Each structure stands twice: as C-alpha cells, then as structure tokens.
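Trainee: First to last, the sequence lines map onto chains U and V.
Residues in the first sequence are numbered consecutively from 448, following my numbering.
Residues in the second sequence are numbered consecutively from 1482, following my numbering.
No wet-lab data here; the hints were simulated from the structure.
Heads up, a few of these hints could be off.
[Stated by the list, open to error] Quick partial rundown of chain U residues pointing at chain V, CB under 10 Å, derived from the structure: (1) 475; (2) 489; (3) 496; (4) 499; (5) 506; (6) 537; (7) 817.
Bear in mind that the values here come from a model prediction, so they are computed numbers and not experimental data.
The beta-carbon is built from N, C-alpha and C at its ideal position, and this holds for glycine as well.
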Amino acid sequence: MSEAEKYADIILDSIAEGVFTVDLNWRITSFNSAAERITGIPREEAIGKICAEVFKATICESACALRKTIQTGEPIVNMEVTILRVDGEPVPVSISTAILKDKDGNVIGGVETFRDLSEVKELRKELKEKHSFEDIVSKNSRMLELFNILPDVAESESTVLIEGESGTGKELFAKAIHNLSPRRNGPMITVNCGALPENLLEAELFGYKAGAFTDARKDKPGRFELAAGGTIFLDEIGELSPAMQVKLLRVLQERTFEPLGGTESVKADVRVIAATNQNLDELVKKGRFRQDLFYRINVVRLKLPPLRERKEDIPLLVDHFIEKFNRLKGKGIRTVSPDVMFALMNHNFPGNVRELENIIEHAFVLCQGDTIRINHLPDYLRPKQGAEKMISTARNLEEVEARYIEEVLRRNNYNRSAAARELGIHKTTLWRKVKKLGIKLPSMDGRTRKERLKD
Amino acid sequence: MLYINIENMQRYEIGVNMKVAVPIWNGRVSPVFDTAGNFLVIDFDKGREISRETVAVPELQIFQRCRKLRELGIEIIICGAISNPALSAVCAEGIRVIPWRRGDIVGVVASFLTGALPSNRFMMPGCRGRGRRIRRGWIGRMGRGPMRGGRRR
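Go ahead and model the full structure; you've got the sequences and the hints to work with.
Mentor: Given below as structure tokens:
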C-alpha cells in the first residue's frame, strides 16, 4: 500500500462518520472504523459482502440512496433513515452519498457516509418530554406555570377550582392533581353535575338506603362514599341547583353527608376538585351561585387558557394525537401537510383541545398515506374554494387587491363601513381605492339608513 | 419423518403440513424483514415442497405486517435482519423465526430442509456464533409447545 493510501486509511479511521464504498456489483470495497462501530460489524466480515446485507437500512430494498445516486448522478445529502444493528436495535442515521469515479472519469462505484443520530433523537425526545406533564402537552408559558405549582397544590389537599372553556383539559388537570397528591393510590371519581337532573344527582352523590324511594331495592353507595380515601372531581359545578349547592356546602363544611333515606351521617374522606366552564364570579353576582359555597371551593383557583390563546401548542398537540391514534389504530401516519398546519393555526377552536383531537381522529379515518392533507379535514376547516381561485387567476397585484376588496364588500352586503373595518382601513381609504381600481358598486348599497341620511 | 437439526441441540419434526415464508429480494433473502416487499411462501408436506408462490406484503406498520403473515398461515419465517420490536411482534403471533440469514433463496431453502441452516455460511455478517440469538428466535412459539404433529426427542 502506498504512503498516500495508508494516510487516507488513517484519516478515514479517525473520523466519527461511518464511510463505506461499493463497487458496481454492490459489494463493499472499504469499511472504516466508525462504520464498524455504528453497525456492529467488523471490517473483515463486511468487505466483499453485498452492502444491503451489511448496512441493513429500511430503504435498501425500496429506495437505496446509493442506487439512486449512481443512476441519476445526483449526490444525496443528509437523508434520515434507520439501519438495523447486529443486536436487532434500530439505529437512526443520516446518510450522504456520492459517485466514485476513476481517473478517467468512469463510474466505478459509490461512497456512502453515515452519522449516528441516536443522541440527537434522544435529545429531541427529551425536549418533547419537557413539554409533557402527566399526559398534558404544552409549551405555553401560562400552562408551564400551572405545571410548576401543581405538585404543591396536589400535596396540600386543599379544594381546587379549575376554570376553563370546555375541551381545555380540566379533567386531565384534575387527574394530574390526584396523581401527585398523597391520595394517589385512592380512587378518583368523576361526577358531571350538569348531566343529571337534580333528584338523580343527589342520589348519585350521596347514595341511598334500601327503601328510600320506589325502586331503591338495596343500599347503594354514593359517589362521595366511593371516593373515600381518594379524590372526587365535580365537573360543571356551575350547573348545580340552589338546593344541591346547599347540600354540597354542608358536605364541604362538616365533612359528612347523609345518604337518601338514611339517618346516620357518613364521613366524607375525600379531596374535592371542582371545575366549571362558566364564570363563577358572574354567577355569584347574579345570585345563581351561592357566595359561601364559592368561597369554600375557590381555595385554589386554576385558570386554563383556551387553545386559541396558546397556538404554539397546536403543532405539539397534533404530533401527540398522531402518535396516540397511530398506536390505537395501528396506522403509520407521520405528519400533516403545511396547508393543514396553516388551516389549524388559523382556526379559532371554540371546542379547544377536544375539537383538535376530533379533527385528527376524523383525518385518520380518511387518510390512507403517511401525511394528513387538507382534504382529510372536516369541511368547515377547508378554505373557501371561490376565494382561492379568484386570487390565483389575477394578473397583477392591483387586480388581486381589486378582487379582494370586491369580495369583502360583497360579503358585507356592500356596507362600506363594515367592509372597511374588515379590511382594517379607514372608510375614506376604501372609497379612494374603489375609485382608483374601478370597482363597481351596485346603486343600492348596504349603507344603513342612518348613514344614508348622513350624506 | 424429517427432522431439522437446530444448533445441534434440539430436533424438531417438520409437521404434517407446514408453511414457510422467506422475504425475498433479487433472488436472495431480503436483508431487512421490517420493510421487505415480497415474501416467498413455500408449502411443505412431510418435508416435501408442494407449492411455492411469491406474495406481496406492502404493509409497513409492524402489527399490520404480522397480521398479514398470520392470515397467510405462515408458521416459520427465515429472514435476514429483523428489528427487536418486529421480532417480538412476530413471535407473539405464534410464528417461529429463524433470523439473521443471508444468501440466495434456492440455497437457503435447500439448507433449511437438510437442517444445515445453523451453518455460518448462511449467517449475516457480524452474526457468527450467535447461538443464543438463534435460540430466542426458535423459542418464539411462546410456550405453545412443539410444532403441530411434532415429537421432540
């Protein structure tokens, strides 16, 4: 071996990237130390073997990078694939390829370099886990603050009131508090106070003794009793009737309750977490919710922000749901297309996280490939067809502006104030543009009577 | 009855009827089980081949892949590299696996029948002397006992 060749070997064996070369029969002709280390195969066993049987990448059969490079002449750079190590462990690697030519320019094979991405993947996973807390996914600062105080809140056993729009994860937070509290090994019982009519709710919560009413054939423990030693989660507490509010207040004050038809008091050994999507202060002011009960519940108050106030969480949640449904439905969906992400980021989510979950689940039914696209989304999320076409067939910027102004005017029944407001410009600016761009207005426009009287 | 000799330690009888599958690519054992697109399925009866056909298995998701193989009635798989998660999933379906094999299909199947598969000639690079590994693949039946109609000596 010449000095130059020896030197080349030394160089190849010192770098961290695996490097191997193949001839035109796909047999390995060189294999550096890093390649040995990452694949687990000694050089002597790799040389002369078919490269797919040594490298064992998921794409070897279907989409070999070297094959593509040799065919097209185009190198491939930093493609992420998975290879199988000799112990069966999948290893993520980033590969790059190039053609090997002799000094006369003839193609004699190919060279592939690859870098072990395991550590990068671990770091990415760690980063993702930083945004997960007890099944709740978020990187929003308000949510992170809540995560921070949850352990202390849980430990303290005090009554907690969770406020937030429906679908914001109130039950998840309640569960998290339960799991972090000293009562974590006890039961967590959920009661939806808005779901049952009052008389049934009382029986549900406090239980009944045999004979308490028709059909009460035997003793039935109430939810408070079932939750003994654990936590009771009272969802939609704002829906409680005044009578029930009194009874609940008593339980919270005395820590006892009586089952229906019973005379003996039962001790309530439960920690109470309540939730509401209404504004309890308002209800108290209106006299629909008792103030004394409010103060009993409002010991610790957690306000959950709606999804539209933490849009940075949307990509995280999308990933989380894709992973969840992949596991549940055995599918292999990897991601959403950019226009789907755009549609989601621009949506208001009145149903918050639950609505997003439903949207992804809906997409799972329709999506057959590995990417969720715009046509897999429910109708109400897809952009209006007309608007798109109109703008994409305009000839220049002025025409785009003219058509858009026209569309907004039409949408507002040619009411110029409303249109100007929607466009975010002043009425007179709108009027100037209409004149300049030659936009035709109907003779009977949408001005309100008051405005018409003005001019 | 024909016996297959596995690493000189246990002998298994080939059952009355048995289906063996080998992921195939360019006439050789496909190097990666998890993504192999086609399987050669061979039907054996009393150690003699009665039919063979190539079946496409496009499913990439491991559970769907295993389900497809189970539906095809596969009992033994001879394959190249297989990831640990896939190996567990396939074994959980009750399919026995002889992994980390390489070579041309004709040679591999013929060797399987004469019991010469443990030979290093058919092992993938870096997998020589993997006694323990092979055994795990065989015990893949997960306590369902020896093969159907078989008698362990």
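Trainee: Does residue 537 of chain U pass the interface hint, meaning its C-beta sits closer than 10 Å to a C-beta of chain V?
Mentor: With a minimum Cβ separation of about 5 Å from chain V (threshold 10 Å), the hint on residue 537 of chain U holds.
Trainee: Next item in the hint list is residue 496 of chain U. Is there a CB on chain V closer than 10 Å to its CB?
Mentor: OK, holds: residue 496 of chain U within 10 Å of chain V, min 5 Å.
Trainee: For the hint on residue 499 of chain U, just tell me whether its beta-carbon gets within less than 10 Å of chain V.
Mentor: holds, 4 Å
Trainee: Against chain V, run the beta carbon of residue 817 of chain U and see if the smallest gap drops under 10 Å.
Mentor: OK, holds: residue 817 of chain U within 10 Å of chain V, min 9 Å.
Trainee: Does residue 475 of chain U pass the interface check with chain V, least Cβ-Cβ distance below 10 Å?
Mentor: Where the cut-off is 10 Å and the nearest Cβ of chain V is about 9 Å from residue 475 of chain U, the hint holds.
Trainee: Under 10 Å is the threshold here; is the Cβ of residue 489 of chain U close enough to any Cβ of chain V for the hint to stand?
Mentor: With a closest approach of 7 Å, the residue 489 of chain U hint holds.
Trainee: Given residue 506 of chain U as an interface hint, is its Cβ closer than 10 Å to any Cβ of chain V?
Mentor: This hint holds: residue 506 of chain U lies near chain V, its Cβ roughly 8 Å from the closest one there, short of 10 Å.
Taken one by one, the earlier hints all hold for this structure without exception.
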